Amino acid sequence: MTGLPHAKHHIDKTRRQFLKQAGIGVSTIVLGSGVTLLAYPEASARSPDQPASSSIRWGLLIDVNKCTKECTACVSACSAENGWKLDGDARVDAQWIRKLEVKNPETGYQASFPVMCQHCEKPACVDVCPTGASFKRADGIVLVDKHTCIGCRYCMIACPYQARSFIHQPLSNQKSHAPRGKGTVESCTLCVHRVDRDQQPACVASCEKDGKGALMFGDLNDGESEISKRVAKFATRQIREDLGLDPGVRYQNL
Amino acid sequence: MARTTYTSLKNNNGLFDLLIILHIAIIAAGMVAVWYMEHYGHIVTGMSNKIIWGTPHVFAIFLIIAASGALNVASISTVFSKKSYKPFTRLSGLLALSLLAGGLAVLVLDLGRPERLIIAMTTYNFKSVFAWNIYLYTGFMAIVVVYLYAMMVKNFSWLSIPAGYLAFAWRLALTAGTGSIFGFIVAREAFDSALFAPLFIASSFVYGLAFTIIVLKIVQATSRTTIVSPQMIERFRILLITFTATVLFITIIFHLTKLYASKNHDVEWFLLASGNIYSQIFWLGQIGVGILAPVLLLALWRKDININRLASACLLLLVGGVAQIYVIVIGGQAYPLDLFPGMEISSSFDDGQIASYTPSLPEILLGIAGISIAMLLSGILMRIMPFLPEGETV
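Those protein sequences? They're chains W and U, same order as listed.
When the first sequence is numbered by my numbering, its final residue is 254 and no position is left out of the sequence of numbers.
When the second sequence is numbered by my numbering, its final residue is 394 and no position is left out of the sequence of numbers.
Derived by calculation from the structure, the hints in this document are not laboratory data.
The structure displayed is predicted, hence computed values, not measured ones.
Some hints could be false.
[Claimed, not checked] Listed next, the stretches of chain U that the computed footprint assigns to chain W, with coverage defined by at least 3 CB atoms under 8 Å from CB atoms of chain W:
(1) 114-125
(2) 129-138
(3) 178-189
Virtual Cβ for every residue (Gly too), placed ideally from N, Cα, C.
The following block holds chain W by itself, in its conformation from the complex (with noise of 0.2 Å):
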């Protein structure tokens, strides 16, 4: 399991300001009534009634370089965490996340790199869901509500990223963490299992053990973590940028 320290720091940071902030209120209440009301837990991460905070927006950078052809670790890891598979179907598999293939016809540059949710800041899957199934949590993770879902693929058609698929056919086995339900649609949650537990998604992690380290998480809000300095110093693009999207993932050296 890996740790995040960028996003670690920014978690610590606010946890801080949050303490002082209700050490002010707590000192006040002692004044009051003469008693100590409140304790806080040492946990590491958001607790679940916490709400997502809107100071992070959670990104990924993906170093094209870094990532080879043959390579589907980070594939394999999304599939193995969030319960979904390939049956040799593309009409209708499930595809949190796919490895694309690039190839300039002029030139003859290629290059491999995995495609999913691009987690935009303003995502067209939310725009048009007409229940609001379809929403962006207040750290930038995009997600689908399988309460509200429909299943009329508004989103899938307004996506321009192909990153969202629909339940095809009922299905067994699903992880506790990643629901998943026949007639609904789903796309890559970013782990938001593990994020809220102070983890990085599947993808990275794997990218980093089993892969050559080409993916990245962080919170691209805080100034002093890894991905955002990164993303200041190198040249990033996003998938279609000109959409005015603004995705969440990055791509370095494309």
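Once you've looked at the hints, dock chain U against the given chain W.
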């Protein structure tokens, strides 16, 4: 002009019973198809993660567009004060309601989770053009019901004019909203055009009037009466030509504006000139069967037009209409998303590949069941309530 007397549909030769049985059988087949799709999942259809919306959506959109257009005859009477259309205003409103009900039924029954319709009716994302359309559809139904009530109940006749104006404005918004479902999709080159709104409005005039005329023909055959005068047949003939020419004009402008941008050359070639199934359906179905043939026939029949000829031209217009929506909906999705313009892309998800699609039987049955739902509803209501002008017995 003499005051119109309204009556219910007479079943003088058993044709009505036959049609009712036929439509019930088709609807039953459609419901079996729905059960099959919902039980096994959409894997039993031709739809996929590439062709996300399939044949049911083609029929649903076609019927919804037709519904707004079916109100045209009533609007011509109420809003544009053409009294000769007044005898058909009730039928016009009834068809608008029934066609919309048929289209919405197909749309809802194709949902991945149709049992969650209540969520769609109670939980809205107001930025979604789909959510706007839910309001536009339900609002349209409510307004047309009031409009019909005002036309049919003597003490409320004062309400028919304002309700008619409101219904006319609402129907334009509804069709524009339906077109915007595609127009707002900037990610797909085949969609992403504001011209979808006027294109769908013009198409609605054609589909709606064509349905109205075919129903009038069936009504005459069923009741063995004549309710469409030769003068009205001639007016309908001219209207059909005018509306169809308008659709052709906007279609030409639509593709010219697309072709003006270099980035759209590939998708336009794909849809219009590649010789694939979509370009064939465009030229043979939409343009040939749906525009040129009926307009030519209607022009040639100028001196000896009759209801049978008019209805046969309308059938061609409707077939062409389905072809038009098929090319827009399916063809627009079959063309691959361009993640990296100018680059060749491939993946296990078939990126960069033209998506294949074969309509499955359940999809076709569901789509046609939508038409039958509309016809069954209007047929039964016509039979029990006075929606039709009194005709001359043949």
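* Asked: So which hints don't hold here, by number, going up?
  -> none
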